[in-house]
Amino acid sequence: MLRLEPRASASLGWQIATPVLAVLATMIAGGILFAALGFDPLAAIRTIFWDPLFGTAAGYSRPQLLVKAGPLILIACGLALGFRAGIWNIGAEGQYIIGGICGAAVALATYPNEGIWIFPAMIAAGALGGMAWGLIPALLRNWFGASEILVSLMLVYVAQRITAWMSFGPLKNPEGFGFPGSRNLQQYEPASNPELIAGTGLHWGVVAAGVALIATWFIVSRHILGFHIRTAGAAPRAARFAGVKPSWLVALCLGFSGALAGMAGLFEAAGPGGQITENFGSGYGFTAIIVAFLGRLHPVGILLGGLLLALTYIGGELAQLTMQMPAASVQVFQGMLLFFILGFDILTRFRIRRVR
Amino acid sequence: MIDPLSVFLMLLGAATPILFASLGELVAERAGVLNLGVEGMMICGALAGFAAAHASGSPALGFLAAAVGGTAISLIFAGLSQYLLTNQVATGLALTLFGLGLTAMFGKPYEGTKAPSMPMGPLGLNWMIWLGLIAVPLVWWFLNRSRAGLVLRAVGENHDAAHALGYPVRRIRVLAIAFGGAMAGLGGAYISIATVLQWTEGMTAGAGWIALAIVVFSRWDPRGALAGAWLFGGVTVLQLRLQAAGVSVPVQLLSMAPYLATILVLVLISAQQKFGRSAGGAAPGSLGRPFHALR
Numbered sequence: 001m002l003r004l005e006p007r008a009s010a011s012l013g014w015q016i017a018t019p020v021l022a023v024l025a026t027m028i029a030g031g032i033l034f035a036a037l038g039f040d041p042l043a044a045i046r047t048i049f050w051d052p053l054f055g056t057a058a059g060y061s062r063p064q065l066l067v068k069a070g071p072l073i074l075i076a077c078g079l080a081l082g083f084r085a086g087i088w089n090i091g092a093e094g095q096y097i098i099g100g101i102c103g104a105a106v107a108l109a110t111y112p113n114e115g116i117w118i119f120p121a122m123i124a125a126g127a128l129g130g131m132a133w134g135l136i137p138a139l140l141r142n143w144f145g146a147s148e149i150l151v152s153l154m155l156v157y158v159a160q161r162i163t164a165w166m167s168f169g170p171l172k173n174p175e176g177f178g179f180p181g182s183r184n185l186q187q188y189e190p191a192s193n194p195e196l197i198a199g200t201g202l203h204w205g206v207v208a209a210g211v212a213l214i215a216t217w218f219i220v221s222r223h224i225l226g227f228h229i230r231t232a233g234a235a236p237r238a239a240r241f242a243g244v245k246p247s248w249l250v251a252l253c254l255g256f257s258g259a260l261a262g263m264a265g266l267f268e269a270a271g272p273g274g275q276i277t278e279n280f281g282s283g284y285g286f287t288a289i290i291v292a293f294l295g296r297l298h299p300v301g302i303l304l305g306g307l308l309l310a311l312t313y314i315g316g317e318l319a320q321l322t323m324q325m326p327a328a329s330v331q332v333f334q335g336m337l338l339f340f341i342l343g344f345d346i347l348t349r350f351r352i353r354r355v356r
Numbered sequence: 001m002i003d004p005l006s007v008f009l010m011l012l013g014a015a016t017p018i019l020f021a022s023l024g025e026l027v028a029e030r031a032g033v034l035n036l037g038v039e040g041m042m043i044c045g046a047l048a049g050f051a052a053a054h055a056s057g058s059p060a061l062g063f064l065a066a067a068v069g070g071t072a073i074s075l076i077f078a079g080l081s082q083y084l085l086t087n088q089v090a091t092g093l094a095l096t097l098f099g100l101g102l103t104a105m106f107g108k109p110y111e112g113t114k115a116p117s118m119p120m121g122p123l124g125l126n127w128m129i130w131l132g133l134i135a136v137p138l139v140w141w142f143l144n145r146s147r148a149g150l151v152l153r154a155v156g157e158n159h160d161a162a163h164a165l166g167y168p169v170r171r172i173r174v175l176a177i178a179f180g181g182a183m184a185g186l187g188g189a190y191i192s193i194a195t196v197l198q199w200t201e202g203m204t205a206g207a208g209w210i211a212l213a214i215v216v217f218s219r220w221d222p223r224g225a226l227a228g229a230w231l232f233g234g235v236t237v238l239q240l241r242l243q244a245a246g247v248s249v250p251v252q253l254l255s256m257a258p259y260l261a262t263i264l265v266l267v268l269i270s271a272q273q274k275f276g277r278s279a280g281g282a283a284p285g286s287l288g289r290p291f292h293a294l295r
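Each protein sequence line maps, in turn, to chains A and B.
Just so you know, we're using UniProt numbering here: the first sequence kicks off at 1 and counts up by one.
Just so you know, we're using UniProt numbering here: the second sequence kicks off at 1 and counts up by one.
Pulled out of the complex, with its shape left as it was, chain B reads as follows (with noise of 0.2 angstroms):
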């Protein structure tokens, strides 16, 4: 009844979006940041970009538009939380909140109007799944191979120690902050351009939350978090092709199947933490505090 090939593309095409996303986030919290708002930076990615790929017709610039507005919309947050250090947990909410309003307004014009379609690369998968599974080996590089990824590493760790080296805290957090805007943003526009193909109201639906729940998943490791937005997407397939069997299981408890294997996830994973033995995978010594340079 279910071909285990068909269900495994259709995975990786619902684990994008997440994968993006958790990416992200999770060079930002390496870097010692903790961003609340990913829902609401992918909710402006999908809204950016599918504004950029209606009017140009051009998926690629959508997802370049929606690159940008992510990275726009978390430089607030990078400001309020690095400038004028407020309480992280509050201002990325502040940003959800404020994103799902900015783009239920600018997104009324858009409402009922259609996607250009994605063009496919090889294996009869989307470029966009691809770089999806391209950026995990490059995270993973940059944060354990590269010089500058050991920088940022450090910053997390000990943002005092850093500083006291001679590390630019502030300007780092930033950066990554904005990489986390971009990533998100990039699977955002992957729901409203490949998955949906239209734009509706609040359309990502808590991706970005199990987006956050995936990074803790993940251990802080970018295969870990291929491994959670994979898991994630298996859920929501099985979840949508029960649906379409019609199992005598109301639609509405169907899907919550997402959201109720975030929280098992999340807490294995956390049970895990700490009752295990295991010394790897803590979260970053600085992470979600704010960093004030007396000197």
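Chain A with its partners taken away, still in its complex shape (with noise of 0.2 angstroms):
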């Protein structure tokens, strides 16, 4: 018989190997899994994993691996503090769309004006946006204590609506020969997200991946707050003593995250998307849950989260040409991968005993 003891304090060690363990167990998973469905599964893997890194189309591929982490890790940034506090942030997906529509808006106002203040105002636009729809679920919880997790998630169907009346009604290209979808802010200079270094990927949406990334770790390990947050996660009786008040810290949780999230939805409107169109969410809130997670709410590990899945992003769509393997397959990767990374947790707070 095995028996599960408590640890007295989270073992360093384990929260390093986890994650590893997890990206393993869900390689060696969707590999049984790919097999089943008749692919070679080491052709899968390799394709997936090596092939956009060091492949022969690799040139193409390796740039996408910052234009789909950036977006990715500055939602995480945010949504790990709230995790980190109890604060279930689920509708970063709504927050990314509606950041997205407000900074999109803001240009399409402008056009075809010119201005180096267009683009800091959009971005400013796409903050507020999110900000404002992560607020939401934040002041009814204060207010009348509506569980956050229900509201801001019923907030993402809500925003994919307004995405689908916005690219058929209001922000809908008048030049546009009647097509769903707003004017294509690439082909609008002043309002445009582009290429910062030819050939890296690399977009002011990355840039403020990284000054996101450096902020959240000063919060979590240098400032009060951040000693609040964690105080809250873990006992939030104790963290009440010590003065932490509960409902600003859910405000500044979902406003921050939604805020994060609503800038990675503009810098992906005026970038790489380039457009507001009825499928402008795509799913990069949800995944960022995954990398929040897999990065143990930690700025260093949610980097290597974003990457990581950021490369399963773009594998996946490879292994869709090359392999003909069904689009959602990285989905079910990435799914299988948090049910694996918080399984393997497990080894962090216990230690397993033999008994006899």
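Just so you know, these hints were derived from the structure itself, not from any lab.
Fair warning: there could be bad hints in the mix.
[Stated by the list, open to error] What follows is a set of in silico ranges between Cβ atoms, one per label pair, in the way DEER data are often shown:
(1) B:Leu150 / A:Gly31: 19 to 25 angstroms
(2) B:Gln198 / A:Ala198: 44 to 50 angstroms
(3) A:Glu114 / B:Gln198: 49 to 55 angstroms
(4) B:Gly112 / A:Ser221: 51 to 57 angstroms
(5) A:Arg222 / B:Gly79: 37 to 43 angstroms
(6) A:Gly169 / B:Arg223: 37 to 43 angstroms
[Said to hold, decoys possible] From chain B, some residues computed to sit far from chain A (all C-beta separations above 12 angstroms):
(7) Leu9
(8) Ala55
(9) Leu61
(10) Pro116
(11) Ser117
(12) Met120
(13) Gly121
(14) Val151
(15) Ala161
(16) Ala164
(17) Arg223
(18) Trp230
(19) Leu231
(20) Val249
Note that the structure is predicted; figures quoted are calculated from it, not measured.
Using N, Cα and C, we set each Cβ at its ideal position, and we do this for glycine too.
Take the two lone chains, each set in its own frame, and fit them into one complex as the hints suggest.
This is the structure in structure tokens:
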């Protein structure tokens, strides 16, 4: 018989080892799944994890790594703060969409004017839009005690319908020959978010992600706020005695993560995505939750986790092209990864002892 | 213009998936388990049910397969949350993401095919609607009048006390999760087999999350779940009727109604619990807390 014995404090070695173990286990489980679907498992794993970086088409796919990791990291940084405090923003996808719409709306309102203030104004609008969308569940929880989990998630569906309406209605390109979708912001220079160094995939959103990583590291490990957040997550009652106002923390965490998700949406709308369409929300908001957990809610981990999940997106697309693998296999892969991360976490909190 | 009886019959249909899923989740939550994977279990039921009904030509076999499929995927959650003591919020979310991906992958061959037609029961309502209505008093009786239900509630209220009394906390919770999975599977299959009559990716469209909100609305009472499901069904039917009547509001905005109504209901019921004086109807004491027996 095996018995679980709680550890007095989480084991640091296992905290680093478990994400690695989870990734390996996901590769094995994914390989079994691919084999069951009739694909060569080793070729599939190589196509997803090796070829985008070192394969023949790597010249095209390598820059995509930063393009995809940027929004994931930016969103995950905000989410990790809240998750540490036990505040569950699972509606980042909605905040991402609203941020994208607000930022793009600023650009479309100024079209075809010139001015270097346009792009900064768009960033501010994106952040404010996402923040406002994130504050709705925060305020409803603070005022009425409504679950922020359910409200933030419901608002994703509302945001998806708003994008559909926007791309068919108010933000539709008047010169788009009747097709839904806004003007392409990549063709409107003062509002575009271009690649900053050719061939790297680096754009302003990636820069913002870097800043967000440093900022969250500072907040979590060097600022009193990080201490409050950690205390509130570990021992809510003790936190209240230490002078933490829970309602303030809820508003702060949801507002901050909403602002970051909104910015991610804006950078996508002005850059790689280029326009607001019906399907503007692409699931980054949900995948970022996996990034946050894979990174154990720590900035360094989030950086690595963001890069890894970006790799699964690119590798998944490649596998779709070259092996005709179903598009959803990446989603399955990401879901399994989260299962394994959560499951293996038991090793950090418990010691496994054999008893006779 | 709108005939009340036909609206009510449509409402019963629109409410059925939510009713099944929320009754299942209600039992799991009364046992102290917060499973946020309802959406994932529903979509698995929707595909398993559709595939079986399509292959066999029998809707009944479809629903059976849906219950099995929903249970099967719920057991992943049971294993992780009860044996590996994972965080229930994150695990439920993982179940939803996994279920949506898995069904999108395996559902591809079924796109564009049709489900066999549902046989009608009494009063022109199909058997699943009746089964959902019968399940309400049955679940109520089980929770409030049976010995097993009493034990299940004890486990949910205070798992340490229940454990000290010698009840198998983990086993009871695994069974409650499995029941929740089966019911969510049936609810999901109702959408694919009886409402939409075909399979499309992500077709449950948040119904699982709405069911979770209905459980809060019900104050963990099956009768409340029926009221909540009907309320939701009413909003859905009204919204569809307004669309059909060609109201000058864009379709995309009208289709937000069920989600906004869910938020509104959640706020109202939470406010009543926060400011009201009624003592009953609080969440189960051990809801969402992992249980680890040291002895």
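Verification of the supplied hints:
1. B:Leu150 / A:Gly31: 19 to 25 angstroms: 47 angstroms, violated
2. B:Gln198 / A:Ala198: 44 to 50 angstroms: Roughly 46 angstroms apart at Cβ, these two residues keep to the hinted range, so it holds.
3. A:Glu114 / B:Gln198: 49 to 55 angstroms: For glutamine 198 of chain B against glutamate 114 of chain A, whose Cβ atoms are near 50 angstroms apart, the range 49 to 55 angstroms holds.
4. B:Gly112 / A:Ser221: 51 to 57 angstroms: 53 angstroms, holds
5. A:Arg222 / B:Gly79: 37 to 43 angstroms: Cβ of arginine 222 of chain A to Cβ of glycine 79 of chain B: about 39 angstroms, so the range 37 to 43 angstroms holds.
6. A:Gly169 / B:Arg223: 37 to 43 angstroms: With Cβ atoms ~42 angstroms apart, the hint holds.
7. Leu9: About 26 angstroms separates leucine 9 of chain B from the closest Cβ of chain A, which puts it past 12 angstroms; holds.
8. Ala55: Fine: 19 angstroms to the nearest Cβ keeps alanine 55 of chain B off the interface.
9. Leu61: 24 angstroms, holds
10. Pro116: The assertion about proline 116 of chain B holds, with a minimum of 26 angstroms to chain A.
11. Ser117: 29 angstroms, holds
12. Met120: Label holds. Min Cβ-Cβ 32 angstroms, cutoff 12 angstroms.
13. Gly121: Holds, since 32 angstroms exceeds 12 angstroms.
14. Val151: Holds: least Cβ distance 24 angstroms, greater than 12 angstroms.
15. Ala161: 20 angstroms, holds
16. Ala164: Fine: 18 angstroms to the nearest Cβ keeps alanine 164 of chain B off the interface.
17. Arg223: 21 angstroms, holds
18. Trp230: Tryptophan 230 of chain B clear of chain A: closest Cβ-Cβ about 19 angstroms, beyond 12 angstroms.
19. Leu231: Leucine 231 of chain B is indeed farther than 12 angstroms from all Cβ atoms of chain A, at 15 angstroms.
20. Val249: 10 angstroms, violated
The structure is inconsistent with the numbered hints 1 and 20, although it conforms to all the rest.
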